[in-house]
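Construct all of the structure, not just a fragment, from the sequences and the given hints.
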Amino acid sequence: MESSESYGANKSKAETSQADFNALVLRHKAMLWHICSDYSLGRAWNVEDCMQEVMVSLWRDFGKFEGRSSEKTWVWRVATNTMLMLKRKDVRSPQTEPIEMVGEGVKSNEPSDESLQQLQQLINALPEKDGTAIRAFLDGFSYKEIADMTGSSVGAVAMRIARTKRKLKQMYEKENNTLL
Amino acid sequence: MDANNKNKTMNSKRNDDFQTVWERRKQNWQQQAEKTLPDDATLLRLAETARHQAQQQAAVVVPFKQPRKRWIPYAAAACIAVGVTVIGLTHQGQPDNMLPVAEEVTVEGQTIHFLCNNGCSAKDILLSANEVIK
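Sequence order for the protein chains is A and B. At position 44 of the first sequence (counting the first as 1) the number is 44 in my numbering, and the numbers step up by one without a gap. At position 72 of the second sequence (counting the first as 1) the number is 72 in my numbering, and the numbers step up by one without a gap.
The set of hints was computed from the structure by calculation and includes no laboratory data. Note that the coordinates shown come from a computational prediction; the quantities given were computed from them, not determined experimentally. Don't take each hint at face value.
Said to hold, decoys possible - Listed below are the simulated SDA-like cross-link pairs for lysine to any residue, each with C-alpha atoms no more than 25 Å apart in a straight line:
id: 1; chain 1: A; residue 1: LYS72; chain 2: B; residue 2: ASP16
id: 2; chain 1: B; residue 1: LYS35; chain 2: A; residue 2: THR80
id: 3; chain 1: A; residue 1: LYS165; chain 2: A; residue 2: LEU138
id: 4; chain 1: A; residue 1: LYS29; chain 2: B; residue 2: PHE18
id: 5; chain 1: A; residue 1: LYS169; chain 2: A; residue 2: GLY42
id: 6; chain 1: A; residue 1: LYS174; chain 2: A; residue 2: MET85
id: 7; chain 1: A; residue 1: LYS167; chain 2: B; residue 2: TRP22
id: 8; chain 1: B; residue 1: LYS26; chain 2: A; residue 2: ALA19
id: 9; chain 1: A; residue 1: LYS167; chain 2: A; residue 2: GLU145
id: 10; chain 1: A; residue 1: LYS29; chain 2: A; residue 2: MET149
Stated by the list, open to error - Across the chosen pairs, the derived CB separations fall in these ranges:
id: 11; chain 1: B; residue 1: THR49; chain 2: A; residue 2: ASN177; range: 41 to 51 Å
id: 12; chain 1: B; residue 1: ASP39; chain 2: A; residue 2: GLY42; range: 37 to 47 Å
id: 13; chain 1: B; residue 1: PRO38; chain 2: A; residue 2: ALA158; range: 34 to 44 Å
id: 14; chain 1: A; residue 1: GLU173; chain 2: B; residue 2: GLN30; range: 22 to 32 Å
id: 15; chain 1: B; residue 1: GLN27; chain 2: A; residue 2: SER70; range: 12 to 22 Å
id: 16; chain 1: B; residue 1: ASP40; chain 2: A; residue 2: ALA158; range: 31 to 41 Å
id: 17; chain 1: B; residue 1: ARG45; chain 2: A; residue 2: ALA158; range: 16 to 26 Å
Quick reminder that beta carbons are idealized off the backbone N, C-alpha and C, glycines included.
As structure tokens, this is what we get:
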């Protein structure tokens with residue numbers, strides 16, 4: 001049986017260089033921020049808090065990365081799993097209303113492009129597996145990489161993405177026809 | 001946003017067909033993220049805080065007497081109910097799909113190892129888990 005030492009602060013992690021971890025965070029900063037922002041859209045979440053949660057997961061698993069996938073794929077997967085976990089917890093928690101922030105120097109976390117924002121919200125409303133596959137595809141991962149991440153076949157991933165894209169298109173057009 | 005800019009946004013929205021927005025999302029996510037990305041010093045401060053937070057996590061061992069297949073989903077639900085982050089599941093080295101809510105819980109025999117990161121004590125988890133399993 002593993003001792004408690006093997007959790008959270010095992011030996012390999014203790015030996016892991018903080019500098020290496022910082023370098024990893026900075027190498028993937030745009031992708032990490034993008035994932036946190038996307039999942040936070042329409043929720044009363046602070047993106048920096050989400051980023052910190054993601055970094056906790058990354059640090060915890062840093063020593064376990066074995067290089068079987070690319071570093072980018074691994075970081076994306078850890079960040080996405082963390083955000084999915086927050087989302088599941090959020091569903092079980094009472095909803096709160098965001099406080100509208102005013103004043104100079106406050107950066108919006110929402111895409112400035114209204115159409116993009118609408119698309120992102122539709123993606124957020126998708127079932128988890130469909131949403132994850134479509135995000136990975138839009139973030140530039142190949143079918144093969146998505147298949148490896150999700151434990152599916154390449155064919156199944158291609159079918160899921162095509163089907164989900166059609167569904168998103170219908171949702172998008174329906175909303176816009178209703179709005180016009 | 002002033003009225004003119006808002007009108008422009010609304011007009012551009014009406015002109016954006018789905019494929020255009022789809023391509024824009026696919027091509028421009030990095031630029032979009034960089035618009036609001038904090039500076040490196042802020043990110044490194046978050047990384048530092050995250051490292052401290054991770055090191056404060058404590059391993060909790062909860063023994064159960066019932067067959068594993070019966071208690072795992074309930075135990076996970078109980079842990080989540082008391083605010084414990086359940087971070088992974090392995091059993092004899094194989095991923096286990098029984099616990100879709102959890103990403104990593106280590107199971108050996110009739111013992112389940114959870115990570116607790118919200119100041120929740122082992123007793124809280126045990127009480128809550130036993131309550132759910134009853």
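Could you tell me which of the hints above the structure violates, numbers in ascending order? 1, 4, 6, 8, 12 and 17
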